[in-house]
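Trainee: Each chain, letter by letter, is given below.
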Amino acid sequence: MNRRRILYVIAHSPGRGALARETLDALLVGAVFDQQVSVLFTEDGIFQLLGGEHSAVSIARSFTALSTYDVDSVYVDEASLAQRGLSLEALPVAASPLTRAGVRELLAAQDVVMND
Amino acid sequence: MNIAIVVHGSPSSSESTFAALRFARAALAGGHHIHRVFFYHDAVHVANAYAVAPQDETDITRLWAEFASANQIELAVCVAAALRRGVLNADEAERYSRAGANLLPPFQITGLGQLVEAAITADRLVTFAA
Numbered sequence: 000m001n002r003r004r005i006l007y008v009i010a011h012s013p014g015r016g017a018l019a020r021e022t023l024d025a026l027l028v029g030a031v032f033d034q035q036v037s038v039l040f041t042e043d044g045i046f047q048l049l050g051g052e053h054s055a056v057s058i059a060r061s062f063t064a065l066s067t068y069d070v071d072s073v074y075v076d077e078a079s080l081a082q083r084g085l086s087l088e089a090l091p092v093a094a095s096p097l098t099r100a101g102v103r104e105l106l107a108a109q110d111v112v113m114n115d
Numbered sequence: 000m001n002i003a004i005v006v007h008g009s010p011s012s013s014e015s016t017f018a019a020l021r022f023a024r025a026a027l028a029g030g031h032h033i034h035r036v037f038f039y040h041d042a043v044h045v046a047n048a049y050a051v052a053p054q055d056e057t058d059i060t061r062l063w064a065e066f067a068s069a070n071q072i073e074l075a076v077c078v079a080a081a082l083r084r085g086v087l088n089a090d091e092a093e094r095y096s097r098a099g100a101n102l103l104p105p106f107q108i109t110g111l112g113q114l115v116e117a118a119i120t121a122d123r124l125v126t127f128a129a
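Line by line, the protein sequences are chains A and B. Residue numbers for the first sequence follow numbering that gives the first Met the number 0, beginning at 0 and rising by one. Residue numbers for the second sequence follow numbering that gives the first Met the number 0, beginning at 0 and rising by one.
It should be emphasised that the hints constitute simulated quantities derived from the structure, not laboratory data. For every residue, glycine included, the Cβ atom is placed at its ideal position computed from N, Cα and C. Certain hints may be false.
[Said to hold, decoys possible] Counterexamples of contact, computed for chain B against chain A with all Cβ distances above 10 Å:
hint, residue
1, Asn1
2, His7
3, Asp55
[Said to hold, decoys possible] Distance windows between CB atoms, simulated:
hint, chain 1, residue 1, chain 2, residue 2, range
4, B, Arg61, A, Asn1, 37 to 45 Å
5, A, Arg99, B, Ala18, 22 to 30 Å
6, B, Gly85, A, Glu42, 37 to 45 Å
7, B, Ser11, A, Gly101, 35 to 43 Å
8, A, Ala81, B, Pro104, 32 to 40 Å
[Unchecked claim] Far from chain B by the CB rule (all over 10 Å, computed), these chain A residues:
hint, residue
9, Gly14
10, Leu18
11, Thr41
12, Ala59
13, Thr63
14, Ala81
15, Gly84
16, Glu88
17, Gly101
Could you build all of it, start to finish, from the sequences and the hints given here?
Mentor: Encoded structure:
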């Protein structure tokens, strides 16, 4: 069976109770299935990378460890970053910035897109 | 086409369990196959047999169960999301010493691996977010 390109799109803020944690769990399970897994942080989903004390469980720490799992690429929508007054340097992970055109290309290249 | 459906929203605060059922019916009517319906996040509440719909409202739990039984569709409920929200089958109720089981058949408890398997196997994966 061919490896599928699966993209997880994280677009929601971390302040939604268990939902962010559950999305991370789905992503990590996806990563162990030996597929081509990547993650895109966009809109308020970018805040999931920053941590802070707004949620019971720090998922930011888990996201900074993505490279230790079998996640191939981590992308950030640079327009979403700019709209929130953030820069790539403020993020605790190595993420590739994408323009909106780049986001469209990324989405079009996937076999499956999973939303949070 | 072999279609997998993922549902995220609570039946009491989201349209997603209703929209997903309409989509599933239309898919079958269009000659497609439904690989599996996977309930995640707050959508696991739809499998709760103890929920009582008011008489003048749609009983979405019963509609899903009837649809699945009539068409042999797999209704998969994520175990971690279900435990967190108090939706348990008999095995889980015993394992965690809870007073009763409330998962309505043919909904069945499964793991996240079934979501990934669907993503890998189905021709299309269609998500009904909250």
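Trainee: With reference to the structure, classify each hint as holding or not holding.
Mentor: Hints, verified against the model:
no.: 1; hint: Asn1; in the structure: holds (13 Å)
no.: 2; hint: His7; in the structure: violated (8 Å)
no.: 3; hint: Asp55; in the structure: holds (30 Å)
no.: 4; hint: B:Arg61 - A:Asn1: 37 to 45 Å; in the structure: holds (40 Å)
no.: 5; hint: A:Arg99 - B:Ala18: 22 to 30 Å; in the structure: holds (27 Å)
no.: 6; hint: B:Gly85 - A:Glu42: 37 to 45 Å; in the structure: violated (31 Å)
no.: 7; hint: B:Ser11 - A:Gly101: 35 to 43 Å; in the structure: holds (38 Å)
no.: 8; hint: A:Ala81 - B:Pro104: 32 to 40 Å; in the structure: violated (50 Å)
no.: 9; hint: Gly14; in the structure: holds (14 Å)
no.: 10; hint: Leu18; in the structure: violated (6 Å)
no.: 11; hint: Thr41; in the structure: holds (14 Å)
no.: 12; hint: Ala59; in the structure: holds (20 Å)
no.: 13; hint: Thr63; in the structure: holds (21 Å)
no.: 14; hint: Ala81; in the structure: holds (25 Å)
no.: 15; hint: Gly84; in the structure: holds (27 Å)
no.: 16; hint: Glu88; in the structure: holds (31 Å)
no.: 17; hint: Gly101; in the structure: holds (22 Å)
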